[in-house]
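Novice: So the sequences go chain by chain: A and B. Numbered according to the working numbering, the first sequence spans residues 17 to 273. Numbered according to the working numbering, the second sequence spans residues 144 to 583.
Treat the hints with care, as some may be off.
As the list claims (entries may be wrong) - With a cut-off of at most 25 Å between alpha-carbon atoms, the simulated DMTMM-like pairs for lysine to aspartate or glutamate come out as follows: (1) B/366 <-> A/140; (2) A/161 <-> B/172; (3) B/368 <-> A/118; (4) B/366 <-> A/271; (5) B/480 <-> A/271; (6) A/242 <-> A/271; (7) A/150 <-> B/363; (8) B/475 <-> A/131.
Since the hints were made in silico from the structure, they are not lab data.
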Amino acid sequence: MNDKDKIDCAIKPLVDMRNICISFGGVHAVDHVSVDLYPGEVVGLLGHNGAGKSTLIKILSGAYAMDSGEIYVNGEKANINNPRDARSYNIETIYQTLALADNLDAASNLFLGRELVSPIGFVDDDAMEAETRKIMGRLNPNFHKFKDPVSALSGGQRQSVAIARAVYFNARILIMDEPTAALGPHETQMVSELIAQLKAEGIGIFLISHDIHDVMELCDRASVMKNGQLVGTVDIGDVTDDDLLGMIILGKHPDEQ
Amino acid sequence: MTNTLNTGGSDAPVKKSHMNRFIQSTELDTRLLGMLGALALIWFGFHIYGAVVNGFGAFLTPRNLWNLSVQTSSIGIMACGMVLVIITRHIDLSVGSVLGFCAIVMGVTQVWILPELIGFEHWSIWIITVIVGLIAGTLIGGLHGYLIAYHSIPAFIVTLGGLLAWRGAAFLVARGETISPVDSTFRLLGGTADGAIGSTGSWVVGLVGVTTVIVSVSLDRRKRKTHGFALRPVWADWFIAVVGSAALIGAVILVNSYYWPRGIVRKFADENNIVIPDAGLFISYGFAIPVLILVTVGIIMSLVMSRTRFGRYVYAIGGNPEAAALAGINTKWMTVKIFGLMGLLTGLSAAVASARLGSATNALGTLDELYVIAAAVIGGTSLAGGVGTIYGAILGAVVMQSLQTGMVLIGFDAAIQQIVVGSVLVLAVYLDNLYRRTAK
Ligand SMILES: Nc1ncnc2c1ncn2[C@@H]1O[C@H](COP(=O)(O)OP(=O)(O)O)[C@@H](O)[C@H]1O
Ligand SMILES: [Mg+2]
Numbered sequence: 017m018n019d020k021d022k023i024d025c026a027i028k029p030l031v032d033m034r035n036i037c038i039s040f041g042g043v044h045a046v047d048h049v050s051v052d053l054y055p056g057e058v059v060g061l062l063g064h065n066g067a068g069k070s071t072l073i074k075i076l077s078g079a080y081a082m083d084s085g086e087i088y089v090n091g092e093k094a095n096i097n098n099p100r101d102a103r104s105y106n107i108e109t110i111y112q113t114l115a116l117a118d119n120l121d122a123a124s125n126l127f128l129g130r131e132l133v134s135p136i137g138f139v140d141d142d143a144m145e146a147e148t149r150k151i152m153g154r155l156n157p158n159f160h161k162f163k164d165p166v167s168a169l170s171g172g173q174r175q176s177v178a179i180a181r182a183v184y185f186n187a188r189i190l191i192m193d194e195p196t197a198a199l200g201p202h203e204t205q206m207v208s209e210l211i212a213q214l215k216a217e218g219i220g221i222f223l224i225s226h227d228i229h230d231v232m233e234l235c236d237r238a239s240v241m242k243n244g245q246l247v248g249t250v251d252i253g254d255v256t257d258d259d260l261l262g263m264i265i266l267g268k269h270p271d272e273q
Numbered sequence: 144m145t146n147t148l149n150t151g152g153s154d155a156p157v158k159k160s161h162m163n164r165f166i167q168s169t170e171l172d173t174r175l176l177g178m179l180g181a182l183a184l185i186w187f188g189f190h191i192y193g194a195v196v197n198g199f200g201a202f203l204t205p206r207n208l209w210n211l212s213v214q215t216s217s218i219g220i221m222a223c224g225m226v227l228v229i230i231t232r233h234i235d236l237s238v239g240s241v242l243g244f245c246a247i248v249m250g251v252t253q254v255w256i257l258p259e260l261i262g263f264e265h266w267s268i269w270i271i272t273v274i275v276g277l278i279a280g281t282l283i284g285g286l287h288g289y290l291i292a293y294h295s296i297p298a299f300i301v302t303l304g305g306l307l308a309w310r311g312a313a314f315l316v317a318r319g320e321t322i323s324p325v326d327s328t329f330r331l332l333g334g335t336a337d338g339a340i341g342s343t344g345s346w347v348v349g350l351v352g353v354t355t356v357i358v359s360v361s362l363d364r365r366k367r368k369t370h371g372f373a374l375r376p377v378w379a380d381w382f383i384a385v386v387g388s389a390a391l392i393g394a395v396i397l398v399n400s401y402y403w404p405r406g407i408v409r410k411f412a413d414e415n416n417i418v419i420p421d422a423g424l425f426i427s428y429g430f431a432i433p434v435l436i437l438v439t440v441g442i443i444m445s446l447v448m449s450r451t452r453f454g455r456y457v458y459a460i461g462g463n464p465e466a467a468a469l470a471g472i473n474t475k476w477m478t479v480k481i482f483g484l485m486g487l488l489t490g491l492s493a494a495v496a497s498a499r500l501g502s503a504t505n506a507l508g509t510l511d512e513l514y515v516i517a518a519a520v521i522g523g524t525s526l527a528g529g530v531g532t533i534y535g536a537i538l539g540a541v542v543m544q545s546l547q548t549g550m551v552l553i554g555f556d557a558a559i560q561q562i563v564v565g566s567v568l569v570l571a572v573y574l575d576n577l578y579r580r581t582a583k
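Let the hints inform the model, and build the full structure from the sequences given.
Specialist: So, in structure tokens, the structure goes:
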């Protein structure tokens, strides 16, 4: 129902996931869930551990193939069968696990799968390092360990590499799965500022977070999941912290109370 | 590109000995130095043991070292492929049997089939034969990779099956016969007297090598300057250039001071109407062709691993297979390619091994899988995945072969050899664990 105003405004959703289902050996990890995302909007995905949030966004990022359902990007039906497909739709993802190859350095991770190559087809490590220095200078000026494998980095530094990777390639749709989980208060603040900045650039963001406070502050809407099902989607302006908590814990839409 | 073996990071603790400073300035891989030290120990150890116990140190002679280089080739070539397999957390137990099978296929091709079709000793026989061997190896490796990647059968099982199956297949193809004689040009691949490039050729190879070392050191310096990255001190650059060049020139002098045996020289002189002078006629072997094949494979594979996307993906899959897949890397197809490459190198190795033997038998390559895996592991390839280098594996092959050769020279019998080689493998992995723990 809250989509209605927006459709009236004739803005097409960046992403529209409809009736998504996937199960793993009988467990319905995601069960007929529909969510959507508009340009310049931040949509929070909430729910307990095991609610199916990561699984849902992994379908969008091409990591999992859904059993049934449809995905529309910019109003057109999208075929996302692998991470490459998702990237071709400018969908970038910061995974909860960060998905870094620990034995490679920051630049190799940032460009993994999209290496810069010299004219003879060799990977251009110097160019990649230079680019990595540039983006890290913007995102995390304290980052200096460009030569070390990422296994030698702190949790926060690793997280900033994962964030840099998602931001570097001009995402139009950004998925952030608990991006501040490993961060201290200062770094969390930096991520909040980054989200505000990306939003201003018209990027649509799915933000998975456990921190109700963050969600209230950063998100425009929130979709709550429980046991693989969608409890509901609400405008943040219309609800309180407690309403959200009620949805997460009881699985009840605030209107039902 | 990160070389995780390289521990000389910029934020190491402040207290540094001269040795530490030296290693840091030259950016030498401490592990590589350790292996060279171990190798020196083995070489001098066997030589001195021979000198003291048998009255003759036979190890550090041009003849022995030349033979050692040839014997290392076959294992070394395969070790270059095994590095990729182990980095991606797999194993290949079948390489010895696949080598035997490829050798038999090549034997049948060049001894039974091609002479009928295009004539005995036709110039193209060796080329067709090698191509057939490479294709056979690649297809077999690719099949293994396919079963592992697309049917989720563990590499251990697929290649354990292969270990039995390909040995059996090798027997069936030739009904257990030994196939000989192989084509005479093909034989050169094995590195007999004719299968070496002689004195002049070796100097050419050596000087090309020296030029390459000097050019790459100075190119590296210039590149660092343009990117504003930290430079090595000038003396460290010189040190690397000088030591690298000296090692190459030393190798040339060594292989050139191993001469053809008198009998072969006499035959050669007779055939070419040369009068042998009173002082004797000395014809140098020079670098053996299989050694040049190994060096070429080593250089190409090192480039592949450090400079290509393929190599980068091999490391990424080894470091975190899930992350590699999420980055859009087709990890299954990569597995097929990696095992296919392992098979290709096994086919090449089969050509070298059967050329050296002068025939093809279905037992060729027996137990090679153990030596190849040991070479890779001793050379620093981590069984946990993600870590390993081509030069390390080749050096590992030299270590394994040195042990083997040394024990034969001083007259240890086969049972003791097996015990020593087996123990060294276990010890090497133990030391490697210690090294990694302290390096952190
Ligand atoms: N690859 C998988 N194989 C089997 N079960 C899975 C897999 N991925 C997720 N699940 C299951 O799906 C459910 C949802 O998990 P997840 O999406 O990670 O939840 P959340 O991110 O909301 O904490 C859980 O029960 C989890 O065990
Ligand atoms: Mg999750």
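Novice: All hints, please: hold or fail.
Specialist: Hints versus structure:
1. Of the pairs offered as hints, the one joining residue 366 of chain B and residue 140 of chain A holds, with about 12 Å between alpha carbons and a cut-off of 25 Å not exceeded.
2. Taking the CA atoms of residue 161 of chain A and residue 172 of chain B, the gap is near 19 Å; set against the 25 Å cutoff, the hint holds.
3. A hinted pair counts as satisfied when its Cα atoms are at most 25 Å apart, and residue 368 of chain B with residue 118 of chain A does not qualify at roughly 29 Å.
4. Distance restraint check for residue 366 of chain B and residue 271 of chain A: the Cα-Cα separation of roughly 65 Å exceeds the 25 Å cut-off, and the hinted pair is therefore not satisfied.
5. A distance of roughly 57 Å separates the Cα atoms of residue 480 of chain B and residue 271 of chain A; the hinted pair therefore is violated under the 25 Å criterion.
6. Our distance criterion of 25 Å between C-alpha atoms is met by residue 242 of chain A and residue 271 of chain A, whose separation comes to about 17 Å.
7. Using a Cα cut-off of 25 Å, the hinted pair residue 150 of chain A and residue 363 of chain B holds, with the two alpha carbons roughly 22 Å apart.
8. Using a Cα cut-off of 25 Å, the hinted pair residue 475 of chain B and residue 131 of chain A holds, with the two alpha carbons roughly 19 Å apart.
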